[in-house]
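Using the sequences and the accompanying hints, generate a full structural model.
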Amino acid sequence: MSASFINGYVINKIEYQDNDEIILILTESGKKISCISLGSRKVNSKNGRNLFVGNFCTFELFLAREKNKISKLKKCSTIRQIQWSIQISNWFNILCECIIKSSSEGKKLFYFFEFILKLYKTKKYSEKKLILILLHKFCLVEGLNLEVNKCVLCGNKIVKTISFKNMGMICNECFKKIKPQVNYSLHFSKLIFYLFNSKYSKIDEFLNEFDLAIKLILIFIKDNAGIQLFSNYY
Numbered sequence: 001m002s003a004s005f006i007n008g009y010v011i012n013k014i015e016y017q018d019n020d021e022i023i024l025i026l027t028e029s030g031k032k033i034s035c036i037s038l039g040s041r042k043v044n045s046k047n048g049r050n051l052f053v054g055n056f057c058t059f060e061l062f063l064a065r066e067k068n069k070i071s072k073l074k075k076c077s078t079i080r081q082i083q084w085s086i087q088i089s090n091w092f093n094i095l096c097e098c099i100i101k102s103s104s105e106g107k108k109l110f111y112f113f114e115f116i117l118k119l120y121k122t123k124k125y126s127e128k129k130l131i132l133i134l135l136h137k138f139c140l141v142e143g144l145n146l147e148v149n150k151c152v153l154c155g156n157k158i159v160k161t162i163s164f165k166n167m168g169m170i171c172n173e174c175f176k177k178i179k180p181q182v183n184y185s186l187h188f189s190k191l192i193f194y195l196f197n198s199k200y201s202k203i204d205e206f207l208n209e210f211d212l213a214i215k216l217i218l219i220f221i222k223d224n225a226g227i228q229l230f231s232n233y234y
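The opening residue of the sequence shown carries number 1 in our numbering; numbering runs sequentially from there.
Below, simulated EDC-like cross-link-like pairs (lysine to aspartate or glutamate); rule was C-alpha separation at most 20 Å, straight line: (1) K13 with E60; (2) K124 with E205; (3) K128 with D204; (4) K32 with E142; (5) K215 with E97; (6) K124 with D211; (7) K123 with D204; (8) K32 with E105; (9) K222 with E147; (10) K199 with E127; (11) K160 with E147; (12) K190 with E209; (13) K72 with E60; (14) K177 with E147; (15) K124 with E114; (16) K137 with D211; (17) K72 with D20; (18) K128 with E205; (19) K32 with E114; (20) K128 with E97; (21) K190 with D204; (22) K69 with E15; (23) K129 with E114; (24) K202 with E147; (25) K190 with E205; (26) K31 with E97; (27) K101 with D223; (28) K199 with E209; (29) K101 with E28; (30) K215 with D204; (31) K128 with E209; (32) K31 with E105; (33) K42 with D20; (34) K215 with E142; (35) K129 with E209; (36) K215 with E205; (37) K46 with D20; (38) K215 with E147.
No lab work stands behind these hints: they were computed from the structure.
Set out below in structure tokens:
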């Protein structure tokens, strides 16, 4: 069986037996491939030197031909190496978890991963802002969105607050009718408005609302996509 050469990111590693690892790769086509890497936990392993989460590599693989079989890594060489400081950051761990748990595959998943990495490299974004943006982008990858430009219930463009349960903004009249348990502040609702309109430069005005927004969007993803992302913000 001939080997295939595939470029992609190392997304996850799981220790297996004494010296081996199970590697999850996100390919350039947005496909997720799990493969076994024999001996890569040994000190003198050449593959082990390249298999850092976040590295963009060329993988020489013997691809599994059946669904219940796992691919086998022959050789790995690094094209772009990730900074070690990124690997221990909260935003990066959430990003990788998004890829691992995503129900989607395809180019949009690969572009999502690269987009967040490129934002980080600009050095213009705080960790919490980066998490907010990546959670918004992940919502779009999973087909989730909030209607933030009008009342999600009646279409009125004059809105009062956000309702995650109803998946959008609601106006004053609808607020009175449905009587939601929470009435979020104007500042918080504005943050969600700008975030879900992809106007990321505007959200810096609402720094005090970032923690609550992260927490509620994580819950929104869990409730509507069935994906629980583990985070300190719960």
